[in-house]
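Enquirer: Assemble the complex: chain A is given as a structure, and chain B must be docked to it using the hints.
2 protein chains.
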Amino acid sequence: MTAEIWDTIIVGAGLSGLSAAHLLRKRDAKLRILILEGKDRVGGRTMSTEIPAANGVDRWDFGGQWVGSTQIHIMELIKELGLETYPQFNTGKKVHHMGGPSAKVRTYRTNIPALSPMVLMDLTHFLWKIDRLCATVCVEDPLRTPNAVELDSMTLHSFIEQHTWTSELKEEMGLCSRSVFGMEPSQMSFLFFLMYAAAAGGVLPLLESTPGSAQEFKIKGGTQQLSECLADRVGWKNVRLGSAVTAIWQDAEWARVKTETDTFLCKAVIVTCPPHLAAKIHYKPSLPSERAFLTQNMPVGHMIKFIITYHTAFWRENGFSGEIVTGSSTDCPFCVTFDATSPSGNAALVGFIAGQQASQWSSKEAQERGEAVISSLVKYLGPEAASFIYYEEKDWAQEDYSGGCPVNVMAPGLLTYYHPSLRKPCGRIHWAGTETATQWCGYMSGAVQAGHRAAVEVLAELCPTTLTQEDQEALQHIQTFKGSGQKTPSSKLMYLSTSKVVVIALTISAAVLLAQHQNALLKAKTSLMDAFSKTDIFKL
Amino acid sequence: MTAEIWDTIIVGAGLSGLSAAHLLRKRDAKLRILILEGKDRVGGRTMSTEIPAANGVDRWDFGGQWVGSTQIHIMELIKELGLETYPQFNTGKKVHHMGGPSAKVRTYRTNIPALSPMVLMDLTHFLWKIDRLCATVCVEDPLRTPNAVELDSMTLHSFIEQHTWTSELKEEMGLCSRSVFGMEPSQMSFLFFLMYAAAAGGVLPLLESTPGSAQEFKIKGGTQQLSECLADRVGWKNVRLGSAVTAIWQDAEWARVKTETDTFLCKAVIVTCPPHLAAKIHYKPSLPSERAFLTQNMPVGHMIKFIITYHTAFWRENGFSGEIVTGSSTDCPFCVTFDATSPSGNAALVGFIAGQQASQWSSKEAQERGEAVISSLVKYLGPEAASFIYYEEKDWAQEDYSGGCPVNVMAPGLLTYYHPSLRKPCGRIHWAGTETATQWCGYMSGAVQAGHRAAVEVLAELCPTTLTQEDQEALQHIQTFKGSGQKTPSSKLMYLSTSKVVVIALTISAAVLLAQHQNALLKAKTSLMDAFSKTDIFKL
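So the protein lines, in turn, are chains A and B. When we follow our numbering, the leftmost residue of the first sequence carries the number 111, and every step to the right adds one. When we follow our numbering, the leftmost residue of the second sequence carries the number 111, and every step to the right adds one.
Derived from the structure by calculation, the hints contain no laboratory data. You may find that some hints are simply not true.
Each pair may be met inside one copy or between any two copies, as identical chains are not told apart.
No more than 16 Å apart at the CA atoms, straight line, and that leaves these computed lysine to aspartate or glutamate pairs for EDC-like [what the hints assert, rightly or not]:
#1 Lys149 with Glu338
#2 Lys330 with Glu160
#3 Lys394 with Glu509
#4 Lys280 with Glu260
So here's chain A without its partners, still in its complex pose (with noise of 0.2 Å):
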């Protein structure tokens, strides 16, 4: 049986993949690139799926969905791709509930939930400590984070345990880890969620639905289009369906790429597919230990999407927003529920069962969770919620060549003892994939960025005089984090200044007094917030 030759074979035909193939192939037109995939479609963890909808059928995203403008990866990409976006409606009350199922459901209408003046001073003040260490994180290699093996060898747990003093606090902080990371805050070091959050301009960014935030716009069409509007400029003769690499031999001359069937020969290989799957891949010889112990200390989080279709958007005629936002200490399945009405006016609501409470549910009969999930809807929303047209879920932990969503974690020490194999090179073999970015890492533009990264690697390789001016900056830049491991201080400066402190400290003191009044609420957190937009001091 002879081999097929290629100059690079690629693992994965999800967003960094494919933007990788369609750098090279920019680059080097006559660049034999091959696109192995496991599953029988591309996307990766994006997937775009038709269901029933008020006007017959419409098409929902069920993995990755939102863009922002501050993602500049992505949004480039939509626009070479002539793809469109439009804003996630957030107009209207949300609905939030902590505290055990007989807590009262709040309404709000700001950003910030609603809360009593005593956690609102605790979420200020533990924002604050938050997005100032974040501001340290040197998110090309963490280790030049001041205390960075200190902050490496807590969970987020142990820092919210220590730096939040009202239990409210800390339940909101359960449901933030839950619906960013599938995950609970136990589950991650405490610098990793620092950089995650860097690598995102801040933790606000990764919560809101604001401008510059993780789930500012959606894409007509919906996100897997991306995939396949770049399967069509790569050529689908170029992408392998139903093809799971299962080992990576190297030699002297060649990588060899095996699926079940079969052997391709290469000259560079790049692995997009998120670690834990990337630690199923037999290589010989072996990789390095630190990059096996590296991607055994990366587990995935675990996300069920739903999207519950209706006639019409009764929840905007009742004056709600759409988004409900619950603890798990309520009764609720889902963490988070947001608007998800199609551009072509097809009502519906999308949410998430995330972390511990998918761990629960996804044990259960799909139409017990359903009914759980529609039973709350009807209770936060009313009873219109119970007249949907059509319900339908995506559990990730259950695709094959995906195990989980929507990102991989970094466990304690990671940073500490193994982060320089993330994007290391193994000999023929380059590292992508969204968990490999340094801007919006865990994000489809993340997805983008670390492919374009794996692809000038392997261009500086196989044929550097392609390299643009462009390339050879990402480069250099790439080399001057490769003596990683350094425990310097970060370059980067404190974007704090004393006067911001006070206007903060002046702030709180301000809410609190207001707050005194029960009817004064409102007026505390308007001028919290007014304090926010004036000080710009949640924006990097």
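Expert: Just chain B, lined up with the frame of chain A:
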């Protein structure tokens, strides 16, 4: 191609797999059992090798080597196989070096290292806390431990930071973690640490070479013999070496176990390989997601073990036991050494480079590493250490089908969310390996216990009439903990009476008072030691 048919297939010819096979055959000699092993030898994480020594050559253990009298499963096996044990030599001065390269090198003769009174008080208090917590842990179902979720949400490092007040003790605990797990305290859940210690009868039994402790005896001729003798009994024709299992597919009738070249059919499978390797097998249908998440959160430790042979045990002649413990702040690569003189009198030392030091030193050239080891031995034991016969090391991270040693730990959150999957069979697949044991898990004894438990599970399915009364009781015990995840307090009582606490407090006060005079230090320690032995407080 016709697939071979077997009753039970065991994945892994280490102690756990061979113990399982041995028990299966003892219960029903007609059972057709096949053991598939990736390596070209039996023994898993035990490996006994001949190297040059004073009287020609002799055999030393480069993997697991110690057993103890409270390790009932391995002790019974040793007896059954007719092997002999001999005690770990521990007479004479021990060397202790912490607090940086230039800190004073101290020697001591008791079980508690040479520490200042303040550190000794810190240690006493800390061990008291840990052992009190240990006694509340339910190893079979750790979630029954009081405050389990909180204990599992922090790293061992965080607990140490919160409950010790001297930097010396923090360094000491790093050394303990490294030498027991091949990992740093930042890399594991504190509840996991407690559970691991509880399964061994407490923290001190993990660390000591006293009666009942983990380092009490060695086996004449080496520990790999255990697996070789078991393979003799099971029949070498039933053991296929160089046959790594790549996939296990299950249908209504069969389990199909695949290697790169063959497929075998059977009714039951016992997977004994460590969790990070079990995760590399391709399962059809996919395993429940909790099981996949479990294996993603169980990284393996990193240890490099070395044996160095000498013409004479010069350290004994100079009054040293051969035991050296050094902190990571020194420039010594190893964390601990012991006398390893063979039963036939060939002088040797054994040592371990572990955890972060293994990571750092494994990337260097073997010669540089060896020279650093020898130069440290010279520093601590005298110039005779330079005149060695032979130096041989084994980096377990480089060993195919091991990838690390001695054990896989559990990251924070695992015990809270995924623990029930640790031993729960998945269809025809049963799980063994020392990580699944409940007594001395992580040790050879645990491997045997786990193998027996899995064998009993298989017998209950395939030929329940062969089960003995003892097997049935074991089975019932397993059933008791099947409804795990309950957060009720452990039924085990705290074993520390108030009077004992008073004794400790008084002892510490006395020690501190005495130690105010520098020359009274030894006296203080002796009085502490006396108090320990009288109250028997550190023995469970």
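Enquirer: Determine for every hint whether it applies to the structure shown.
Expert: Consistency of the hints with the structure:
1. Lys149 with Glu338: within (14 Å within a copy, 43 Å between copies)
2. Lys330 with Glu160: Within. Shortest intra-copy distance 13 Å satisfies the 16 Å Cα cut-off; inter-copy 69 Å does not.
3. Lys394 with Glu509: Between copies only: 13 Å across chains, 27 Å inside a chain, cut-off 16 Å.
4. Lys280 with Glu260: between (21 Å within a copy, 13 Å between copies)
Every hint from the earlier list agrees with this structure, and none is contradicted.
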